[in-house]
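Spelled out, the chains give:
There are 2 protein chains.
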Amino acid sequence: MSKKLTKRTEDYSKWYNELVVKADLAENSAVRGCMVIKPYGYAIWEKMQAQLDKMFKETGHENAYFPLFVPKSLFEAEEKNAEGFAKECAVVTHYRLKTDPDKEGKLMVDPNAKLEEELIVRPTSEAIIWNTYKNWIQSYRDLPILINQWANVVRWEMRTRLFLRTAEFLWQEGHTAHATKDEAVAESLQMQKVYAEFAEDFMAMPVVKGAKTESERFAGALDTYTIEALMQDGKALQAGTSHFLGQNFAEAFDVKYATKEGKQELVWATSWGVSTRLMGGLIMTHSDDAGLVLPPKLAPIQVVFVPIYKNEEQFEAIAKKVTEISNELKAKGVSIKFDKRDTLRPGAKFAEWELKGVPLRIALGARDLENGTLEIARRDTFEKQSVAQEDAVATVVSLLETIQEDLFNKAKNYRDDNTTEVDTFDEFKDIIANKGGFVSAHWDGTAETENKIKELTKATIRCIPLDALEEEGKCVYSGQKSTKRVLFAKAY
Amino acid sequence: MSKKLTKRTEDYSKWYNELVVKADLAENSAVRGCMVIKPYGYAIWEKMQAQLDKMFKETGHENAYFPLFVPKSLFEAEEKNAEGFAKECAVVTHYRLKTDPDKEGKLMVDPNAKLEEELIVRPTSEAIIWNTYKNWIQSYRDLPILINQWANVVRWEMRTRLFLRTAEFLWQEGHTAHATKDEAVAESLQMQKVYAEFAEDFMAMPVVKGAKTESERFAGALDTYTIEALMQDGKALQAGTSHFLGQNFAEAFDVKYATKEGKQELVWATSWGVSTRLMGGLIMTHSDDAGLVLPPKLAPIQVVFVPIYKNEEQFEAIAKKVTEISNELKAKGVSIKFDKRDTLRPGAKFAEWELKGVPLRIALGARDLENGTLEIARRDTFEKQSVAQEDAVATVVSLLETIQEDLFNKAKNYRDDNTTEVDTFDEFKDIIANKGGFVSAHWDGTAETENKIKELTKATIRCIPLDALEEEGKCVYSGQKSTKRVLFAKAY
Numbered sequence: 001m002s003k004k005l006t007k008r009t010e011d012y013s014k015w016y017n018e019l020v021v022k023a024d025l026a027e028n029s030a031v032r033g034c035m036v037i038k039p040y041g042y043a044i045w046e047k048m049q050a051q052l053d054k055m056f057k058e059t060g061h062e063n064a065y066f067p068l069f070v071p072k073s074l075f076e077a078e079e080k081n082a083e084g085f086a087k088e089c090a091v092v093t094h095y096r097l098k099t100d101p102d103k104e105g106k107l108m109v110d111p112n113a114k115l116e117e118e119l120i121v122r123p124t125s126e127a128i129i130w131n132t133y134k135n136w137i138q139s140y141r142d143l144p145i146l147i148n149q150w151a152n153v154v155r156w157e158m159r160t161r162l163f164l165r166t167a168e169f170l171w172q173e174g175h176t177a178h179a180t181k182d183e184a185v186a187e188s189l190q191m192q193k194v195y196a197e198f199a200e201d202f203m204a205m206p207v208v209k210g211a212k213t214e215s216e217r218f219a220g221a222l223d224t225y226t227i228e229a230l231m232q233d234g235k236a237l238q239a240g241t242s243h244f245l246g247q248n249f250a251e252a253f254d255v256k257y258a259t260k261e262g263k264q265e266l267v268w269a270t271s272w273g274v275s276t277r278l279m280g281g282l283i284m285t286h287s288d289d290a291g292l293v294l295p296p297k298l299a300p301i302q303v304v305f306v307p308i309y310k311n312e313e314q315f316e317a318i319a320k321k322v323t324e325i326s327n328e329l330k331a332k333g334v335s336i337k338f339d340k341r342d343t344l345r346p347g348a349k350f351a352e353w354e355l356k357g358v359p360l361r362i363a364l365g366a367r368d369l370e371n372g373t374l375e376i377a378r379r380d381t382f383e384k385q386s387v388a389q390e391d392a393v394a395t396v397v398s399l400l401e402t403i404q405e406d407l408f409n410k411a412k413n414y415r416d417d418n419t420t421e422v423d424t425f426d427e428f429k430d431i432i433a434n435k436g437g438f439v440s441a442h443w444d445g446t447a448e449t450e451n452k453i454k455e456l457t458k459a460t461i462r463c464i465p466l467d468a469l470e471e472e473g474k475c476v477y478s479g480q481k482s483t484k485r486v487l488f489a490k491a492y
Numbered sequence: 001m002s003k004k005l006t007k008r009t010e011d012y013s014k015w016y017n018e019l020v021v022k023a024d025l026a027e028n029s030a031v032r033g034c035m036v037i038k039p040y041g042y043a044i045w046e047k048m049q050a051q052l053d054k055m056f057k058e059t060g061h062e063n064a065y066f067p068l069f070v071p072k073s074l075f076e077a078e079e080k081n082a083e084g085f086a087k088e089c090a091v092v093t094h095y096r097l098k099t100d101p102d103k104e105g106k107l108m109v110d111p112n113a114k115l116e117e118e119l120i121v122r123p124t125s126e127a128i129i130w131n132t133y134k135n136w137i138q139s140y141r142d143l144p145i146l147i148n149q150w151a152n153v154v155r156w157e158m159r160t161r162l163f164l165r166t167a168e169f170l171w172q173e174g175h176t177a178h179a180t181k182d183e184a185v186a187e188s189l190q191m192q193k194v195y196a197e198f199a200e201d202f203m204a205m206p207v208v209k210g211a212k213t214e215s216e217r218f219a220g221a222l223d224t225y226t227i228e229a230l231m232q233d234g235k236a237l238q239a240g241t242s243h244f245l246g247q248n249f250a251e252a253f254d255v256k257y258a259t260k261e262g263k264q265e266l267v268w269a270t271s272w273g274v275s276t277r278l279m280g281g282l283i284m285t286h287s288d289d290a291g292l293v294l295p296p297k298l299a300p301i302q303v304v305f306v307p308i309y310k311n312e313e314q315f316e317a318i319a320k321k322v323t324e325i326s327n328e329l330k331a332k333g334v335s336i337k338f339d340k341r342d343t344l345r346p347g348a349k350f351a352e353w354e355l356k357g358v359p360l361r362i363a364l365g366a367r368d369l370e371n372g373t374l375e376i377a378r379r380d381t382f383e384k385q386s387v388a389q390e391d392a393v394a395t396v397v398s399l400l401e402t403i404q405e406d407l408f409n410k411a412k413n414y415r416d417d418n419t420t421e422v423d424t425f426d427e428f429k430d431i432i433a434n435k436g437g438f439v440s441a442h443w444d445g446t447a448e449t450e451n452k453i454k455e456l457t458k459a460t461i462r463c464i465p466l467d468a469l470e471e472e473g474k475c476v477y478s479g480q481k482s483t484k485r486v487l488f489a490k491a492y
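As given, the protein sequences belong to chains A and B, one line each in that order. For the first sequence, the residue numbers in my numbering are 1 to 492. For the second sequence, the residue numbers in my numbering are 1 to 492.
Warning: the hint list may mix true and false statements.
Copies of the same chain are indistinguishable here, so a pair counts whether it falls within one copy or spans any two.
To be verified - Subject to a maximum C-alpha distance of 25 Å in a straight line, what follows is the list of computed DSS-like cross-link-like pairs (lysine-lysine):
hint, residue 1, residue 2
1, Lys-114, Lys-98
2, Lys-57, Lys-47
3, Lys-106, Lys-80
4, Lys-260, Lys-349
5, Lys-57, Lys-340
6, Lys-54, Lys-340
7, Lys-134, Lys-106
8, Lys-384, Lys-320
9, Lys-106, Lys-87
No lab work stands behind these hints, which were simulated from the structure alone.
Take the sequences, apply the hints, and build the full model.
Written as structure tokens, this is what we have:
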């Protein structure tokens, strides 16, 4: 298999798929639409998980685990939610296989093992969780409930792409219960903020915080808060959402609490989630034609050492020095790989670690040993510098910080350069068709206009930015009065 | 709900179920046989996961993720494995629901959305993983593959019990591929050793390492290595298994590698797993009539502070002291809870934290403040001691270590006291029926005898201990020649 990738300018989508497979992140499986997350890809996901989990716990949440299956009667209890997910859910109807009498060595579904009630493989867990919360909540003293779950979910999507849209994916889903509306709204906004901080400070991926329009909301939510990122091809990616669910689920599952005054009130809900889709966002924010580019904070390997030697003796001397420097770096929390393979030439190793996005590569050869130097190469800029060995640790530590910042700034500049304010629909169409990116435009607030624009341009309203200024304006499509700009884009 | 538990001597099984629910570990869900793992229970599981994951990584394994579903054609490829799991697997047959035309607001399976091939919800992942490994393995350079997966699996068990046997459970499953038989056998033994170390050093649960007899092996394995623990009611618990799978899966999925010499050889396999069942083992090894007893290394809360005060002023002074000592303990890695609730009396708090198994409770009252003392109570022995505040940190740290050791020793003594060597079948039946525990006896090596004994006594061969001595003997049932004693017990 050639390690070379299709160029992004040639075919962005092909480049993406090739990168995901060749950098050992994930691959398609024998199950339609389901992926295998390979060890290197999973190691990145584990770093994301660990940081998110920490942030959830710091904001007072605990983890728990709820069943994979949702009985049909619970699934359909909250009407909008059920309607939103019914079209794409995997259904378990039987609980046993038996030997097929007509085909030797084959199994068939045992018709005598039909379930009385079908089980839906969870596409999201509001139903099963609120049915559980019902028993946990009696009085105001039982609130708030602040729970998160790390789990797999299944949505039977027809068109799938590795990480971005798969039938099964991994995610976390927070489900909280509150005594008051204000508290629930504050919780959903807080989690949007946590997601934005994670995206920007760890993924180095700038995001816009906003609210979804009614037609783009989560099924069953009164408000969906989103973080939206811009990919290198000018398409937007919804990277995380936090929903204010009002009392819809409390009503559907009859979850009430006794107030201090002894009154019975319905409970207020939120839910919020990010998924392995973030992996797609990470890849498409930073990577280039040579492969993956990883922000140091999420790189499973931050520094790779490649020895350059002609004989065993040289190798031994280099290995000794590498071990010495590695130990110092490890003590500072830097993760290291020493690529000792004798089956590959240094050039091939360089290409492989570039493909895999390791932020820093350190080459050490015989001449370096003589001169007391080594060569540090940045993955993001390909810049190389020769550094005195005694300065290696300090240089690495500082470069890792620099790269983290530079990646964010580069992505932010790209995002800003590709966010265009427009005031006419001709300009709107032109930008969406030719430049791409976010288009900031006035909208009259109707679903009708929103749908019409989508139909004509394939652009959707990504969000109503939380920090949108109040300004007098006219809807870019209908000419009706508007007081705020919203962000449009084509999206993943 | 009364917090008091049924006594173990009254009804062990009832005691167990009550404890699991009342200590907030888990509860039954709306889905038959599936449990909800509550935050406190999940926090213990997370501690187990973190430690096991560390041990897997230290032994060279990486994590990855494979699909939840196994297409029927892959599922049935390895015959013994398929046969072993066919009787209890959940089957997805459809991928969409639609509005039921006959029942308003209800959904029904959409008959037009029938899958061409049924999908089995994984009961274990050998099939899907070996179908993937096929593409990953070409040459000896691709071996070994050392992968672990943390996942949920489903086995449609008819009789379920929280943690011990549930339709869905959480587990880890290692799946490794090797060039040689020796390497694969060594791997499976190594992982058995890792499990035993985890059980003994972290769960404080002594285990016997052994091999399963043919009839007790994992479906598709050539050898199953097990760790077996003894619960307080004299029944054994299989706590973890590691399988040498030979070339069965390589053959079924045609997974071959080119040797250095260019020959094509079938790959050798192992798989190994432990699950949330360990939670059941943990509970039944240490807990008592007052509730859960946790070994400090797995306790989410190691020390709980309960203030005893009559007025706000006293509370403030106590809180100040608690914060001071807490900070010192936290710096030493001890996890703390300060129970400030003003809705409960100290006695009620004591009972609650006893129920939840917090290893140490520290009470601090107004008189303690005057005297510069505090009272430390051990959960495992109920021993209390008054300690000078300046000695609190050192005492706590040392007591946590002591408790960890004491729990192991107590459980080991119990296990040893309840392991009986017997040489006649009358004695065998008597011990199994009246005393319980492990029975060490000679066995003639035939499945026939094994089945007969099971039929007559409900005892099964838990394992052939790895350290069993060679000795001349006669089968306890058939009188045939035997060279080794094996361990029998009734089991969970």
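Comparing the hints with the structure gives:
1. Lys-114 / Lys-98: both (12 Å within a copy, 19 Å between copies)
2. Lys-57 / Lys-47: both (16 Å within a copy, 15 Å between copies)
3. Lys-106 / Lys-80: Between copies only: 12 Å across chains, 41 Å inside a chain, cut-off 25 Å.
4. Lys-260 / Lys-349: between (67 Å within a copy, 22 Å between copies)
5. Lys-57 / Lys-340: Answer is between; shortest inter-copy Cα gap is 20 Å, intra-copy 39 Å.
6. Lys-54 / Lys-340: between (34 Å within a copy, 24 Å between copies)
7. Lys-134 / Lys-106: Between copies only: 22 Å across chains, 44 Å inside a chain, cut-off 25 Å.
8. Lys-384 / Lys-320: within (23 Å within a copy, 55 Å between copies)
9. Lys-106 / Lys-87: between (31 Å within a copy, 14 Å between copies)
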